[in-house]
Every structure is written in structure tokens, then in C-alpha cells.
Amino acid sequence: MRLELDPSPTPAKVAWSYGAFFLLTFLLLALLFALYGVSPLRAFGLLFSVVLDPLGLFEVLRRAVPLLLIGAGLSLAFRVGFFNIGAEGQLLLGAVGAAYAALFLPTGPWTLPLMFLLGGGLSALWALLAAWLRVRFGASEILTTLMQNYLAYYLVVYLVAGPWKGERVFGFLYTDTFPQAAWLPRLGESLVPWPTLLLGVLAALFLHFLLFRTPLGLEWRVLGDNPKAARYLGLREGRLLLLVALLSGLLAGVAGVGEVAGIHHKLLEPAQISLGYGFTAILVAWLARGGPLFTLLTAPLMGVVLAGGDLLKLELSMPFRVVDVFAGLMLLALIGAEALARHRVVWRR
Amino acid sequence: MEEALLRAVLFGTPILLATLGALLAERSGVVQLGVEGMMALSALAAFAAALAFGPSMGILAGVLVGAFLGLFHGIFTVTLRANQFVAGLALSALGLGASGLLGKRYEGLPLPAPLPEGGFALLAFLLAFLLHAFLFYTRTGLYLRSVGENPKAADLFGVSVDGVRYLALGMGGGLIGLSGAYLSLAYRPAWTDGMTAGLGWVAVALVILAAWRPLRALFGAYFFGLLFFLQFRLQGSVPIPSEAFAAMPYLLVILVLALSGRAQAPKALGLPFERGR
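Protein sequences, first through last, are from chains A and B. Quick note, this note's numbering runs 35 ahead of the 1-based positions in the first sequence. Quick note, this note's numbering runs 122 ahead of the 1-based positions in the second sequence.
In short, the hints are calculated from the structure, not lab data. Zero decoy hints are in this set.
Listed below are several chain B residues computed to face chain A (Cβ distance under 8 Å; list not exhaustive): (1) PHE198; (2) ARG203; (3) VAL208; (4) ALA212; (5) LEU213; (6) GLY219; (7) LEU224; (8) LYS226; (9) GLY320; (10) TRP323; (11) PRO363; (12) TYR372.
Where a beta carbon is used, it is the ideal one built from N, C-alpha and C, also for glycine.
Kindly generate the complete structure, drawing on both the sequences and the hints.
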């Protein structure tokens, strides 16, 4: 028995492939919940209960904002064949840039724009480094961006424990609170900063337009779908890659600015700034199948998972790792289902 | 000085074992980015089994869980021909997540009879030579390498490409599992969430630095071991923040990647094999 390529799978086959894999995902997750000692039904109920009350929905939205910003950039990057796994670190760099502008530069009405400029710029440069290493030395960006996550992590730890440690905090690892001029306005009483929400929506729209309605987008798509053809056509691969790295890094940085300026109002320990957005956004982008516009749907979807994971943590005192499990299983289900749909089983060697 | 070298070897041993495991998979043409998660889950399995049935069962459980995860990776990368990078990253997340979740009840428990680090170190050292001999002086090793270099030709010669890749992933997974078992049974005889601390990713990079050769991996692993030791030893005694030392291995990985590139990679690395294409 072996699998052969199926050039034109029927919609029904695609549907049952995805159905089968998602069913498998939920069964495995249920098994894990049971092994942990929690009724799977109760756990699933809690996980998705956040969509049932307004407070829960605001939590979902709050989580969806960074996921949308990062996910839109990553969906573009993945489409072009730049496997940016470093959004986590790029988000942290954005937070660092924003914190510097808020804490050490004279404040005024220009403070917030300056934070976005500095934070976004810093993380764009951070992502550019990985793209440059790939273009210049052939270093796999999957590994370099991943390693940069750790570097950014330790940079933030160093800053909040060392030179930037707040003067009015005792024993805690964070900076002083930002001045009021560096706070982003929020939606009503919620924790959702609306400027970054708006930016996220605009970014998804803009990148979609760029990718599918401009000559640059066409070159990007050729490079992503068929690098050989791109070289044959004389496309300037290096420049195309650097640009896509810059854009996805910039958006992850903006997400970082949004987290510290909109929610925490200070730079704090990296694990508390990010809550795993970088990795979950990979899933957001992968679910969007290479179309930045679709992250408008997939980001809130994963926002539900993150907010629901919070609830699991609180109600069942589960470690937050459950979100990693969910993300890992979903990714495997996605690529598995896609592959299964593209193949047919042949009963001979 | 002697202490430094000894600690370098002991620090380097888990890196070496994991590197050998990933190297074996990649020689057959399958990118193995699942190492970190596989190590974490097999470390937990080894610890749980050692508590329940004794240390030798612990090692066995670690190796078996590692091998199982390697074969699991194979379902996606070999049979379904899915994107190997994404499958590996997902496997890492899954392994880290599941181990953190299921390992919570083992957090802080002592292991009554920790295993000697030296035994593992010696075993890892010998395994590097054994793997070298296997890859370069046996028929199966030749098949394995040729599947990684030119699967089409290997297929024409009647070698089962899929079979060889499963074999490499399973054996490699076993080695990665052994590395996890070393962590939780000998190196730090306990279980904590996140105890793999990026060692798996160091191993992934080391495969590239070692140019996919087991004996070079030996040097690389001990070199990284020395760096980890220095980081541990120099903390507090020099005016460099400890975070800089903690970040050092990752910085080195980036440098290594920039310097070594992927020129010597097996030619079919990362490419799913489809007969007739």
C-alpha cells in the first residue's frame, strides 16, 4: 500500500480529510485531559465558554489584537517562503523600543507615535538580520529567528532586572510605570487598546491588497510558489525576502508596542508580555492559508483558545502549556489533512 | 582545569545524544526540528517510569517514547509528505506542552536512585563512533545516506525510501529519547517543566555545524558543553551580566549558522519523496 499524488481532489474528499484530522485532534486532546485527571467534556466546555459572556469576549478580543498584527505579517512571510518563527522575539524588541521612548525620552503628544516608530523599527531591524543572514550566508531563517527569540528574551530579562529596573519597585522585575502620555486608549472599560486593533485590521487589508493586487505581490507569490521560476525570471530574491522580513518584523513589533503601551504600561518579564503570541500567531497564519485577509477570522479563533486556556488555568489549575498542546496538534492536523487530501491510497507497491 | 573538561563532557552529553539522533534522521533526508519537544516528553516518561519501576525501566521508557515520537513525525513527513519544518515545530510544541501538562504531578519529586552521569557520557561517546561506523561502513548506512542524497536513485535500486526514512526517524528518536532520559535520570535527577532549556535547538544547529557527521558532532557537543560550563562558572565573578552568558549558546548557534551555511547538507534534505516526480 502506498500514497500517490492526487492532482484534483474532490471537495468531498478535502472535507473528510480535514474532518478526520480535526476529529483526531479533539480525541487526542480529550485523552490528554483525561490523563491529566480532568473530564474532557468539562475542559472543552470551559475552553470555549469565553465566547458566551461579554467579559469573555473582550478577553478574546484582547488576545486577538497581537495575534492579528503578527499573524497578518506571518501569513505574508510564509506565502513568500520566509519562515519567520521569531515573532515572539520581534514582539519583545517592539516592547523594548516602546519602553525606551516612554521612559527615557521627553514626553509629550509625540510620545505614542515615537514609541511605535522606535518599537516597530527595532523589531523590523531584528527580523531583517535573519533575512540578511539567509540571503548573504544561506543560514536557515527558521533557526536564526528561533534563536533570536531566546536572545530577545534574555535582553528583556537583563533590562528589567538591571539598568531599566524601576526606582519605585522593590524586588519586582519591571520598570517604572510609563507616564500617562505613553498609554494607549482602550475600548470602554475593557483591556482592549483600540488603536492597535484598528492597526491590525488595516494591516490585514493592506497586506492582502499588496500581495494580490500589485506587481510586487505578484513577484512575491512567484517567489513563494516556485523559487526556481523566480530565479529564471530574474526576480531579485534577496530584496523581496528582505522586504517581507521587514514587514512581518515591523508588525510583530507593533504588537509588542501595543501590549506594553495598551495593557501593562511598563516593561516587565518577557513571559508576561508575550503569553505565547509568537507561536500561536504561526498557527493563525497557517490557518489563513497564505491570505493575510483571512487572519481577520483566524486571529479571533485562536484568541478564543488563548482566552479559554486562561480559564482552564484558573478553574482547573492547569498549566498554561495546554495551549502549546492545542497549537501543536492543530498544526499537525492542518498539514496532515492537507497532505491527505492531495494524495490517494494505492494498493500496490 | 580537569574539572572544567569533565563538566564540559557531562554538559555536552545530552547535546551529543540529541545531535546524533537528529543527524541520523537528517541523513535520510528528513528535517528533524522536533528535538526539543521529543527530549522533554521522553525525559518525563523516563522519570515517571523510573519512579514506578526502577531506573533501567526509566531508560527504556525514555528511548521508546523518543522512538515513538520519531515514527510519529514519520507519519506526517514520510507517509503524508507534509511540510517537514512545520511538522517538526508542531511536534516540538506538542512535546513541550504535553510534558508540562502531564509532568505537573511529578514536579519536585526526588528520584530515589539517580543514575551515574559518567555511564551516560561514556555511552554517548561510544555511540558517536558506532553511528559513524554504521553510516559509513555498513550497507544499511549506505542505503540511509543514499536515500538522503538521491532518493530517486535509491528507489530505482529497490531500496524502500519510506522504510529507510522510518528506520532513521525511529532510531534517531530513540537517541533523542536517551538524551531526555539522561536529563531527568542522571544529569538533574528530577522533573521540572522546561528542563530541556533549549538544548534541543542547540542540537538542531549542531547537526549543521557538524556537517551531518557523527564524529564532528562529538567535538561540537563538548565545545558547547564547555561553553555551558563557563557560563555557569563565570557568573558573578566577571562584570558581565548573567543574562549575556545565558544568551551565549543561542548567539553561537546564529554565528555557526552564518559561518557554516547549508552547503554540505544531504541533497534531498527537506524534500518529500514522490515516486515518478
